[in-house]
Amino acid sequence: MSAPIQLRPDETFILNVGPQHPATHGVLRVKMQMDGEYIVKSETVLGYVHRMHEKMGENRTYAQFLPNLSRLDYLGALGYTHGHVLAIERAAGIEVPERAEYIRAITVELNRVASHLFWFGAFVMDLGGFSPLMYAIQDREHILDMLEAVTGARLTYCYYRFGGLYNDVDDNFIEAAKRFIPRMRKSLKKYDALVTGNIIFRKRLEGIAPVSAEMCRKYGATGPVARGSGINFDVRKNEPYSVYPEFDFDIPVYHECDSLARYRVRMDEMEQSLRIIEQGLEKLPDGPFMAEKKPKTIKLPVGDYYQAVETARGSFGIRIVSDGDKNAYRLKLRSPTYSNMHLFDEACEGMLIMDALAFMGSLDLVIPEIDR
Amino acid sequence: MSLTLLNVIVAVVIAIAFAAVNAAYLVWAERRGAARIQRRPGPNINGPFGLLQPPLDGIKLMTKQLMIPGGADKILFMVAPVLAMAPAIMSFVTIPFSAGIAAHNMELGVLVIFAFASMGAMAILFAGWGSRNKYSVMASVRAVSQNVSYEIPMLITAITVVMTTGSMDLKAISMAQSGGFWHWNIFPSLHSPLMPISFIIFFICSLAETNRAPFDLGEAESELVAGFHTEYGSMGFGLFFMGEYANIVIGASLTTILFLGGWDCPFGMFPGVWWFLLKIYLLIATFIWIRWTFPRTTIYGLLNLSWKILIPISLFNLLLTAGLLKVF
Amino acid sequence: MGGYFSEILYGSKSLLVGMGITFREFFKPTVTVQYPYQTIKMSARFRGHIELIADAEGKPKCVVCGMCERACPSGCITLGSTSVEVEVDGKVKKKKILSKYELDFTKCSLCGQCVENCNFGALEFSKEYNLASTRKEDFHFNLLKRLEERNA
Amino acid sequence: MILETTQQALQALFAGSVPADGAEPDTPRANGVLTRDYKTHGYHLDAQVDADQLLAAVTVLDQAEFFIESITGVDWIKEKQMEVIYDFSRYDFDACRVVIRTRIPREKPEVPSITKIYAGANWHERETHDFFGIKFAGHPHLVPLLLPEDADFHPLLKDFKA
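Chains as they are written, first to last, in this note's numbering: chain A, 1 to 372; chain B, 1 to 328; chain C, 1 to 152; chain D, 1 to 162.
Certain hints may be false.
As the list claims (entries may be wrong) - Here are the simulated DSS-like pairs of lysine-lysine, each with C-alpha atoms no more than 27 Å apart in a straight line: (1) C:Lys61 <-> C:Lys100; (2) C:Lys96 <-> C:Lys145; (3) A:Lys218 <-> D:Lys78; (4) C:Lys59 <-> C:Lys96; (5) D:Lys78 <-> A:Lys299; (6) A:Lys186 <-> C:Lys61; (7) A:Lys178 <-> D:Lys116.
Bear in mind the hints are in silico, worked out from the structure with no lab data behind them.
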């Protein structure tokens with residue numbers, strides 16, 4: 001619980017971790033009351049990169065809001081745009097051609113691998129190992145090159161459109177993706193030997209920062225954080241959307257509840273994403289990439305609509321309250337890291353600062369996404 | 001009298017020059033090595049292979065303003081960087097580079113180096129306390145407890161070597177190992193069959209004593225910002241940096257003398273200073289290689305390693321060696 | 001006790017495995033691009049800032065319909081037009097001609113809505129990506145002027 | 001399965017009559033539980049409750065092991081009302097998304113805080129307070145979260161002018 005912290009005469013002191021701190025990956029600030037190296041209490045202070053995307057959603061038309069979504073989570077942007085277009089398509093009843101959905105699934109999964117790769121590197125760097133970051137970035141670079149050739153951007157993609165895609169994929173992309181999969185599998189083996197097996201790494205994470213399943217539920221944690229606590233929850237399986245029911249993939253779940261479990265979930269997820277990409281490339285149907293019947297200006301019928309998607313960080317939800325106009329009456333973005341980060345304050349009490357910062361790394365924070 | 005004084009001055013100047021050049025170019029080597037491991041070129045713009053980078057960095061550091069944070073303990077803040085560099089240079093005085101090259105050979109060389117090495121912890125403590133920064137204080141407390149707990153196994157292993165040689169004179173220890181690599185202390189002998197393990201313990205301890213990764217808890221840049229030198233800029237930071245690398249050279253030299261036969265050639269031919277330098281730079285390359293491979297340990301993991309693994313094993317080794325020396 | 005030694009053994013082995021990997025990486029070629037000295041070619045679909053497309057006569061294809069201006073989420077496009085009288089099939093008609101096309105690149109989020117909404121194919125993405133300046137005025141592009149410069 | 005039991009449990013809160021299932025209600029609609037078409041709306045159950053029934057409704061969901069997705073507000077300026085929307089879901093393959101909404105007068109927007117039941121509601125409620133000025137009675141630390149510490153404006157109100 002985050003009650004205000006006051007200086008107390010009990011030999012504790014306040015440590016400001018952030019807003020500029022190497023471990024907070026952006027501008028997050030955590031006020032920690034410390035007893036030596038132990039954390040007595042912590043309070044997270046948010047809002048340093050708050051940009052009020054929700055208000056922009058009310059002022060812009062649905063199509064104009066598209067570029068905003070990719071500014072939420074710059075590492076896994078496609079997942080968020082996917083949520084938005086699915087919500088609009090659901091509400092407006094637009095049929096999406098199958099090819100478009102397959103390409104969406106392939107690109108989202110590629111983006112998920114890219115996001116996890118960067119998290120992997122940054123996480124190991126939080127623990128003091130620098131080289132894995134560089135290896136991860138090298139692999140991620142291949143993905144970004146592929147996505148750039150298709151979408152025209154490297155991070156802040158604006159690729160999906162209501163009813164389809166901005167552009168079709170070409171054979172070069174398919175070839176490159178096919179070449180990428182075995183290369184990535186080889187890299188995953190390397191990471192396993194270099195990092196996962198490393199005794200120092202394991203000692204730092206095993207049994208550290210337990211987050212119980214009950215705590216996840218109370219805070220609404222989703223994604224790898226919940227799956228590391230033994231909760232079998234993935235929106236792709238629980239509420240299948242897009243073409244995910246067509247794919248054969250598993251949801252990695254670990255029951256140890258510690259930082260290592262969260263790490264392993266993400267590492268296993270990369271392999272599962274590769275499986276999805278592989279199947280998607282195989283099954284990719286021919287056809288149009290854009291719906292033929294589509295209103296010129298999107299206006300949603302009165303009512304409210306919710307769409308959840310599984311992004312790299314967890315379940316992202318978008319709630320659109322429409323009054324029938326061409327822009328939303330209210331647009332709520334439910335960002336997964338917001339809930340995941342929330343449990344940090346309670347979970348880190350009594351922890352050593354170095355474990356707490358490793359724990360923070362294992363939550364996979366992207367601050368613009370928390371602050372929106 | 002005046003000749004001795006001149007001797008001392010020349011020796012100190014050479015030691016300082018050696019330490020400074022080594023420190024500067026080890027930074028370059030570290031950056032190039034790290035870059036190669038990470039498949040990038042590293043510093044390559046200034047001069048051939050970026051060889052002009054260290055002097056340019058030095059000029060940059062020296063032209064920067066020396067900032068003292070408000071409320072800092074000025075004396076401690078200023079003394080700490082000097083204290084980090086000075087003992088490292090002093091230690092060079094007693095290291096024999098070859099049979100003839102030593103600034104001043106002492107009978108108790110091992111003891112002198114350990115005495116100076118323990119002053120390094122003081123520099124970190126002063127820096128952390130003096131700069132009035134919570135991160136710095138935490139880092140310095142960590143670094144001191146680390147140095148204290150790693151000096152013990154390091155000393156015990158050094159004593160094991162001293163016992164088998166029967167001398168604390170670094171030159172004598174080196175001489176005792178001459179005549180081919182099978183004479184070196186790293187290989188098990190009749191008197192101390194656990195010598196390879198001693199070598200590994202000593203190597204780990206010298207990593208920890210010099211605050212190198214994976215034991216760089218005093219810096220711990222992802223947790224404690226930059227640790228004890230968070231508040232230092234300009235040449236104050238430069239001195240800490242040079243001190244760290246000078247300490248690495250000392251650690252590598254000591255390991256070479258105690259375990260790898262000093263200036264002895266592995267095949268019993270052409271002993272000389274080149275062999276000594278080759279050995280210490282190989283050891284330093286291993287230091288760099290290790291740093292860019294592993295993540296950092298935790299403070300309790302580090303203390304556990306020392307108290308639960310290194311100290312018992314090195315004590316056992318000491319007792320075994322003592323017993324075998326008595327028997328044979 | 002057995003656990004104690006097996007952990008030491010396992011730990012040492014894992015450390016050696018890791019060092020083996022970095023050792024192998026050491027001898028592999030570098031993969032970086034030396035940026036200011038080398039540059040890479042942007043892919044065909046790269047979305048840079050927008051540029052006007054010229055017709056056969058070198059005049060902009062733009063007919064000043066204002067679709068791009070309205071579609072832009074950030075309002076960074078300003079159009080200006082003058083009307084001239086032209087003779088088409090013997091009749092005198094009024095026609096709008098583009099007199100000003102300003103792009104405020106400081107606000108642009110490179111979403112490409114303008115290009116997509118253009119029904120006349122008058123806009124394209126530039127492949128330029130080395131855009132850097134210390135003054136924000138440098139990013140108020142006059143696209144008409146840029147088109148003339150390209151034509152020249 | 002869970003859909004029916006939750007619906008019954010929530011229904012029990014309303015002693016009175018309930019509008020017919022699936023019918024699009026007139027605005028403002030009466031309190032009660034509706035099932036929604038998941039395909040178009042994206043959630044299954046939609047319960048509108050009074051502000052003083054809120055804690056009871058949330059307790060029902062807590063006992064059914066729902067997790068909290070989000071809390072948000074809507075400013076219905078024409079009706080002079082504020083709406084607080086609570087989203088809940090379950091870690092289950094039997095998907096069931098429940099929306100609980102409560103309407104409060106715009107002049108005095110106050111609802112009880114559910115932080116005692118769901119600790120994770122803390123930030124969501126603070127955020128809603130930031131954006132709409134809705135007071136959550138019983139919240140332990142209702143200060144601006146995403147807005148600056150001294151913010152006294154509520155940007156998502158429809159009459160907010162920057």
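Here is what the structure says about each hint:
1. A threshold of 27 Å between alpha carbons decides the hint, and for Lys61 of chain C with Lys100 of chain C the separation of about 13 Å falls inside it, so the pair holds.
2. Of the pairs offered as hints, the one joining Lys96 of chain C and Lys145 of chain C holds, with about 18 Å between alpha carbons and a cut-off of 27 Å not exceeded.
3. Note on Lys218 of chain A and Lys78 of chain D: the hinted pairing is violated, with a Cα-Cα distance of about 35 Å set against a maximum of 27 Å.
4. Between Lys59 of chain C and Lys96 of chain C the CA atoms are separated by roughly 13 Å; this keeps the pair inside 27 Å, and the hint holds.
5. Taking the CA atoms of Lys78 of chain D and Lys299 of chain A, the gap is about 20 Å. The hint holds against a cut of 27 Å.
6. The hinted pair formed by Lys186 of chain A and Lys61 of chain C fails the criterion: a straight-line CA distance of about 50 Å is larger than 27 Å.
7. Of the supplied pair hints, the one linking Lys178 of chain A and Lys116 of chain D is violated, its CA atoms being roughly 51 Å apart against a limit of 27 Å.
Checked against the numbered hints above, the structure breaks hints 3, 6, 7 and satisfies the rest.
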